[in-house]
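Here the protein sequences come in this chain order: A and B. Position 238, counted from 1, in the first sequence is what this note's numbering calls 238; the numbers after and before it change by one each time, with no gaps. Position 23, counted from 1, in the second sequence is what this note's numbering calls 580; the numbers after and before it change by one each time, with no gaps.
To be clear, the hints were calculated from the coordinates, so they are not data collected in a lab. Glycine residues also receive a C-beta, built at the ideal position from the N, C-alpha and C atoms. Do not rely on the hints blindly, as some may be mistaken.
Which chain B residues stay away from chain A? Per the calculated CB distances, all over 10 Å, these [stated by the list, open to error]:
#1 S630
#2 E635
#3 D657
#4 S741
#5 N970
#6 T971
One side of the interface only, derived from the structure: several residues of chain A facing chain B at Cβ under 10 Å [stated by the list, open to error]:
#7 N75
#8 L87
#9 A88
#10 S90
#11 R108
#12 F141
#13 L173
#14 F175
#15 P176
#16 K289
#17 K397
#18 I402
#19 I405
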Amino acid sequence: MILGIDVGGTHTDAVIIDDFEIKKTAKVLTNHENLIETFQEVTETILGDENIDDLDRIVLSTTMSTNAIVQGKVNKVGMILASGPGLAPSMLKINEHTHFLSGYVNHRGIKIAETDYNEVSSISQRLKDVGIRHVGIVGKFSTRNPELETHIADMINTDFEHLSFGHRMSGNLNFPRRVATTYLNAAIWNTYRAFVEDVLKFVETIKASIPIYILKADGGTSDINQSAKYPVGTILSGPAASIMGILSLSNFTEDAIALDIGGTTTDIAIFAEGVPLLEPFGVTIEGHKTLTRGLRSKSIGVGGDSKVSYDNGSIVIGPERAGPAAAFGGPYPTPTDAMIILGLTDIGDKQMAEIAVGTIADKMGVSVPEAAQTIFDLSCRKIADAVNEMIEEINNKPVYTIHEILEGKKISPEALFVVGGPAKPMASRLGDLLGCPSHIPDHSEVANAIGAALARTTTEITLLADTEKKTMTIVEEGIQQEISPQFEREEGLNICRERLRERALKMGAQEEDMEMEIIEDQTFNMVRGYYTTGKNIRLKAQIKPGLIAGYRKEASI
Amino acid sequence: MTNKLRKTGLIFFPAFDWAISPTHPEREERLLYTQDQVFEEGLLDFDNIIEYKPGMATVDDINRIHICVPDASSVTTESHLISAGGAITAADKVLQGEVDNAFALVRPPGHHSMMVVHGARGFCNVNIEAIMVEYIRHTYGPKRVAIIDTDCHHGDGTQDIYWHDPDTLYISIHQDGRTLYPGSGFPDEFGGPNALGATVNIPLPPKTSEEGFLYVLDNLIMPILDDFKPDLIVNSAGQDNHYTDPITDMRFTAQGYAILNDRLSPDIAVLEGGYSVETALPYINVGIILAMAGIDYSYVTEPDYDPQAIRQSPELTQYIEKEVELIHDLWNNREAQKASMKKNSEFISRTKNIYYDTDGIHEEQTETIRVCDDCGGLLTIDSRANFMDRIFAVIIPRGSCSMCRKKGEEIFNTTEQRPFKHVYFQDRERDVFHVK
Numbered sequence: 001m002i003l004g005i006d007v008g009g010t011h012t013d014a015v016i017i018d019d020f021e022i023k024k025t026a027k028v029l030t031n032h033e034n035l036i037e038t039f040q041e042v043t044e045t046i047l048g049d050e051n052i053d054d055l056d057r058i059v060l061s062t063t064m065s066t067n068a069i070v071q072g073k074v075n076k077v078g079m080i081l082a083s084g085p086g087l088a089p090s091m092l093k094i095n096e097h098t099h100f101l102s103g104y105v106n107h108r109g110i111k112i113a114e115t116d117y118n119e120v121s122s123i124s125q126r127l128k129d130v131g132i133r134h135v136g137i138v139g140k141f142s143t144r145n146p147e148l149e150t151h152i153a154d155m156i157n158t159d160f161e162h163l164s165f166g167h168r169m170s171g172n173l174n175f176p177r178r179v180a181t182t183y184l185n186a187a188i189w190n191t192y193r194a195f196v197e198d199v200l201k202f203v204e205t206i207k208a209s210i211p212i213y214i215l216k217a218d219g220g221t222s223d224i225n226q227s228a229k230y231p232v233g234t235i236l237s238g239p240a241a242s243i244m245g246i247l248s249l250s251n252f253t254e255d256a257i258a259l260d261i262g263g264t265t266t267d268i269a270i271f272a273e274g275v276p277l278l279e280p281f282g283v284t285i286e287g288h289k290t291l292t293r294g295l296r297s298k299s300i301g302v303g304g305d306s307k308v309s310y311d312n313g314s315i316v317i318g319p320e321r322a323g324p325a326a327a328f329g330g331p332y333p334t335p336t337d338a339m340i341i342l343g344l345t346d347i348g349d350k351q352m353a354e355i356a357v358g359t360i361a362d363k364m365g366v367s368v369p370e371a372a373q374t375i376f377d378l379s380c381r382k383i384a385d386a387v388n389e390m391i392e393e394i395n396n397k398p399v400y401t402i403h404e405i406l407e408g409k410k411i412s413p414e415a416l417f418v419v420g421g422p423a424k425p426m427a428s429r430l431g432d433l434l435g436c437p438s439h440i441p442d443h444s445e446v447a448n449a450i451g452a453a454l455a456r457t458t459t460e461i462t463l464l465a466d467t468e469k470k471t472m473t474i475v476e477e478g479i480q481q482e483i484s485p486q487f488e489r490e491e492g493l494n495i496c497r498e499r500l501r502e503r504a505l506k507m508g509a510q511e512e513d514m515e516m517e518i519i520e521d522q523t524f525n526m527v528r529g530y531y532t533t534g535k536n537i538r539l540k541a542q543i544k545p546g547l548i549a550g551y552r553k554e555a556s557i
Numbered sequence: 558m559t560n561k562l563r564k565t566g567l568i569f570f571p572a573f574d575w576a577i578s579p580t581h582p583e584r585e586e587r588l589l590y591t592q593d594q595v596f597e598e599g600l601l602d603f604d605n606i607i608e609y610k611p612g613m614a615t616v617d618d619i620n621r622i623h624i625c626v627p628d629a630s631s632v633t634t635e636s637h638l639i640s641a642g643g644a645i646t647a648a649d650k651v652l653q654g655e656v657d658n659a660f661a662l663v664r665p666p667g668h669h670s671m672m673v674v675h676g677a678r679g680f681c682n683v684n685i686e687a688i689m690v691e692y693i694r695h696t697y698g699p700k701r702v703a704i705i706d707t708d709c710h711h712g713d714g715t716q717d718i719y720w721h722d723p724d725t726l727y728i729s730i731h732q733d734g735r736t737l738y739p740g741s742g743f744p745d746e747f748g749g750p751n752a753l754g755a756t757v758n759i760p761l762p763p764k765t766s767e768e769g770f771l772y773v774l775d776n777l778i779m780p781i782l783d784d785f786k787p788d789l790i791v792n793s794a795g796q797d798n799h800y801t802d803p804i805t806d807m808r809f810t811a812q813g814y815a816i817l818n819d820r821l822s823p824d825i826a827v828l829e830g831g832y833s834v835e836t837a838l839p840y841i842n843v844g845i846i847l848a849m850a851g852i853d854y855s856y857v858t859e860p861d862y863d864p865q866a867i868r869q870s871p872e873l874t875q876y877i878e879k880e881v882e883l884i885h886d887l888w889n890n891r892e893a894q895k896a897s898m899k900k901n902s903e904f905i906s907r908t909k910n911i912y913y914d915t916d917g918i919h920e921e922q923t924e925t926i927r928v929c930d931d932c933g934g935l936l937t938i939d940s941r942a943n944f945m946d947r948i949f950a951v952i953i954p955r956g957s958c959s960m961c962r963k964k965g966e967e968i969f970n971t972t973e974q975r976p977f978k979h980v981y982f983q984d985r986e987r988d989v990f991h992v993k
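Here chain B stands alone, though its shape is the one from the complex (with noise of 0.2 Å):
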């Protein structure tokens, strides 16, 4: 380990009096015993680890990203704020100096929050990343941000609200899609016209253990950083891929987290899944504190832990090792094949069939971007939830230049609220939010 101290904000909210339902794994007791661990460990009296109490983020801050049908606030309780708020105090103190990182241990977590909002998905109503991310841009000004999404299932929320954003790296590593929920984040899927590359899914096959894991890291997603050269690092800090997880199937353990964190060195870190709340969390969580504060969490393991018993094959290995390869072939060519995806088209458009499990609404949803070489490009969206609710939103980007700004004015100005329940506005460099 790299051994420097460092001074980490904590931001621990464990929702106590908060579940989706009583035996949901999103439940009361998810963090119970992590706080137990935290506690007896004396983490909080270490001179370099410093708690801080979540603040509530606003319904201004959800409108900066989403679109939520009919509104923020009818999409949200007071959880969900608090749990981005918990992320917005994690992101101030970075950025204010205060500390050199974070972390929010809060929840519910938020990375299967798209851009549009109809209900919760994958137990999430709000992307709580995201909306910090946004926060920090309008608070301190643009910044090129890495999301690091080391969850287990692949963060398609995330994936959807930066799909076109240049200046947002989101990388996710999670178990391969064809074995586990939401079923996307393959290779292929690898940002739109304007910001390809900007999104890099690294699947991994099920028993991948932390071998598998530390050569990702060490061997594509720092070499994918040196050539990004973010301001900021995140980690969207899922803890699933945990050998005891319940909902899952990998093999990586605590001792795993916590090397990855170290190498990672993310500035702010924000708890997503892991539902192996006895056995997993309260280790993980401590080894990701101790890692990000520069204290020896080489002592941190499970009661279980034995390496050689969950230990990867070595076909899998090999596996690996070639995909890794693969992605960053892809990863190395990709201003040629955006300058051919770009090629004579002035818009694009791409049509998606979003399922809402946890609400169990379907959306049929049909996104345009508009190619463009000086800005993210200006964004429309026409949604319909359950084949009832119809809503178009025009979004115009962060940095956005004169064209399509003026081309989205005139699109919002010129739709008639009819046929649609709502005509939504949202203007991300001017922080303007309208709806008709």
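Same shape as in the complex, but just chain A (with noise of 0.2 Å):
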């Protein structure tokens, strides 16, 4: 039996699911001042009379660390960057608190410039005087060779509470990114451990020892001691939860569109062969481009709710959200409300909606219903319009070799998969312009806690092997050792998989979810000269998003 908790913006939902069907769902109001009250009572309701002996783990969705950084709930962070040649340093500067050194390593991982022991320690005074107890160290290109970050870290780690290292976010490249990645990580470090202390208090108060996993903003889960460990990890998990949930419900095997349409907003979410597509990069918050593994989705600003205004001689869908339909006392005309006219859903009060639809409809100078229908079908193309974007932005993706120029693959979606309050109203118009068959699963209501239920555990983890510098590094393990001049790609694939294994492991993953892929694998001769010195390894694999091991689309979910 596995509990699947999703705080939302609004609600807090949970489900029981036992054998791959959902026993019991609840649904609580969330109390962002309080999240683990919400979690509380949500559990309890949810549990009631059941054999908490039957409870094999809880999956939490939880808004914990977005809401810190929206909210501005963070610590003071110190900065200590080793940015060395390229952008400069006032492109790079996070915040007040930022200080660069001159040490720096290159693209290959080749130390270039020592760091100054004396520059550290005058920056750690600096950043002591001022209070700040974390600190962010990250070096450019430290994803090729860690030492640099650690080697500082070396010098101050009994000067502050936490350190956070650029290297252990990713071992993908992008300096910029991998400053505010590990920002962030150091911000939210305290405000997000305090959440999981209470949580595990909490869960030890109805029964101890049950495994707890929180959803990642990739879509995958990870043992909540370990995601304390990073933090910035569990940002955005909400949309992750809805696609998840999506494909959960929905089960396929094709391309596929999953749009959830709330009140203010539509997610887009893409699946390629039934599998969720990641963001290339990582996942942007609050402005800040992360490098955290995140679910590749796009929102606009379409919703139910979307304030619809007539504006030179035009309708105007969104983006804003002025309050709910006028059909529920809302203060303007919204799509919901030309559904409701246009007699696709039967909610509120059609009167109003009417009244409220008529202002647009006089500006128009046309019906009300006429009126009506130009929203609604406005609403759908909007939404058809940024799919189609979302799925051209995909398929020009650019890739670097004759190879996948030649035989990429495109995405050409089979099914569209519909959830939200106006999911039924609009799901086969918006099939119409997709071209494909509209489908709305059930259980929707709760799409996003059972998504976090069923999502497997997943984690990346990348190899760098250069034979003519004698060096391999997994950099998320903050592996860098030695290796022979001989060293092969093959040896590195086997290393690549038994590693991958082991930290999903560490991290909760059951032995039966471990499909692993290797997503990147490149060799290059290195030639100096007219030379063959060296090769190049590059090896990145991945538990991939999905689904835990035993779901079959023939449970009744």
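Two chains, two separate frames, one set of hints: put the complex together.
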């Protein structure tokens, strides 16, 4: 038995899944001031008289980290950057406590300039002087050689409560994102860890030693204790829960579109052969572009409650929500009002909807139903256009080999899945516009909680071997070791798989969920003068986002 | 620097699965560290830097400017079509106004490919800039185009293609041909009789540094551009003038390349050579991208950058100043020289011996231009490779006058296929290509 909980913006949903069937659902209001209270309330509500011993685990999707960032409930963070040549330091400064060092490594991970101890200790002193307890240490190309970061840490680690390292955030290149990710990790450190402690304390009161998992932005889960080491991995798990929910409720293996149409926005996600796509570099939160692995989604300002206005001879939908639909006492006409007038849905006060849409109809010089039709058509078209744009973006993703140019896969959706309030009235029109059959999965009102409950543990590792330099790095694990000049790709692949497996187990993965995939596999001959001097081997492996083993379509979900 | 943000298109295609041969400078590894640096700097996250996937050039795009023997598909592979296609994508994004400028960071290069192509020379099979320029004219109408070739090697291919075209200004700045492949590119190579002055060669002595390059830019190239008034500026952006390049002997730098691009402000830049793959290319390319996008590039330097240590000698500075003056005079007198060259001739021929180092082919070629005041002039080419494969080509220029057209059609119609392997007819005005 699995308990899945999704802490949403308005409601917190819980679902108990037993043998892949939904046994029970519950819903409570979210108290953003005290998420732990919400968690307790929903857990107690849904568990009721269930036998607690049957519970195998709890999976929690929470807005804790996201809220901490959005609401600025963050630690004051000092940032120490070893930026080397490239972008001007002024462009890398993330806050007023950002300091730059002269040491750096280059793109091959070769140390070009040493770290200056005096420089480091004077920065450390300045940070302490302003009461900073949390520090992020980030080097350019530290994913190629993490030594510089750890060396700096050795000099100052007794000075602070917590140090976040850039190289542990991701194996991907992108220094400004590494800076932002490390900053956020240090910034939400205390808030998130306090939350984890509260959760553990509460769960102990109902049953000791039950595994608790947290949903991450990439739609995978992690053991809650592990997640506390990298809180930044848990940002934006909300959209991920929704996408995993649709995945679990539809369970298909073709290319497909998933839409979550809410009151204010519509979230779009794409599945390639039944696997949700990841953001190419990482997710973006509050303007911070990060290296945090996350499911690719696009949010547009069109929802059921979007404010509809008439401006300069044309109808404008959204992007803001100015309250509920007029049919529910809201101040402006909305797409929901239009759908009520057109008889596509039977909710709210139709007369109030007609009055509101009437103001638009008057300006347009048409009848109320005609205005409603125009509003509805435009809403659907805006969503469909955004979907097509996203698919085009994915299909035009730059590639770097002739093989991929000639043989690259193109997404062509075979199905559309729609959840959210206006799903029913809008789905079939959207399906027509997008040229594929539309489906509204059952239980979509608790899709997010189901998604959390059924998601598997995911992770990724990056292996770099430079046989000229005779080093191998697996930066996510902080590994840097010597290798023989004869080191081969096959050996690298084996190490990659083994390390990935160990890492996943540590994060709480089940053996049967190890769906590994090599996502990068490149070997370059290094030639200097006219001679081959070594090999540059670049491998990346992941446990890809997906549902836990044993889940079948035949199950009644 | 100018400090004005510009929207820059980046077409990055490192062709990680293509090499001339495993240890050849033009190999898989060439743009690997450039990719690393571009990714690590997070350049693709800038709102004003937009990456595009390259399209593929077609045989028609090639036949618009080259005479390929026996045909375009035989002398190219997919890699060449993508490389030329990348340049075309860059052009489309600029000409359609999606971006202010664009950089095709693609390989393999093209500037040693001449009008007639029997095979590969100087690592080049087809001329990707010329294919792009003719695509631009075909798609967006006639344009005056200036190509500034900053590769260390003389771009003899591009020079050959535009030798007779008064609407394409080709300026090459390169290491003196007496000291480097391909051995050409002297100031007296100044264009054909109908287009004299539209080819400008600026050979620089070995060990020229930032100071020398930027002096030439400010005191020669920019004034010539002011006179020529191009609609489009293309930078044939070779990067082998770098002080660490293994096959050349210059002392240019990443800072220098960035400043040059900032001041030149090309609409389109296309990568050419540059083989210091680890210590130069990552920094030069980041510098060029930042400069084109109007972002501060002053911190882009090589790890061992020391401008004093690689500074050119005062004698060299003097030599360059004198040369700049000489070429500027040549430029100012071009019209008079052109008139005297054209006087009393109807046709002018030149004979060329061309060696294809990459493929080991010898070509003998006789090229005949009709002296014309009304257009670029009818061109015919009689070419023989390795003393065997002989072809004949008739080329009608873009914007052709009725006389050149009439004569050209007549010549093509009356030339028997024998003794030639093929006889080609390339009508650039009407975009027609025939082979018999």
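These are the hints, each one checked on the structure:
{"no.": "1", "hint": "S630", "in the structure": "holds, 15 Å"}
{"no.": "2", "hint": "E635", "in the structure": "violated, 5 Å"}
{"no.": "3", "hint": "D657", "in the structure": "holds, 20 Å"}
{"no.": "4", "hint": "S741", "in the structure": "holds, 25 Å"}
{"no.": "5", "hint": "N970", "in the structure": "holds, 40 Å"}
{"no.": "6", "hint": "T971", "in the structure": "holds, 43 Å"}
{"no.": "7", "hint": "N75", "in the structure": "violated, 24 Å"}
{"no.": "8", "hint": "L87", "in the structure": "holds, 5 Å"}
{"no.": "9", "hint": "A88", "in the structure": "holds, 4 Å"}
{"no.": "10", "hint": "S90", "in the structure": "holds, 7 Å"}
{"no.": "11", "hint": "R108", "in the structure": "holds, 7 Å"}
{"no.": "12", "hint": "F141", "in the structure": "holds, 6 Å"}
{"no.": "13", "hint": "L173", "in the structure": "holds, 4 Å"}
{"no.": "14", "hint": "F175", "in the structure": "holds, 5 Å"}
{"no.": "15", "hint": "P176", "in the structure": "holds, 4 Å"}
{"no.": "16", "hint": "K289", "in the structure": "holds, 5 Å"}
{"no.": "17", "hint": "K397", "in the structure": "holds, 7 Å"}
{"no.": "18", "hint": "I402", "in the structure": "holds, 5 Å"}
{"no.": "19", "hint": "I405", "in the structure": "holds, 6 Å"}
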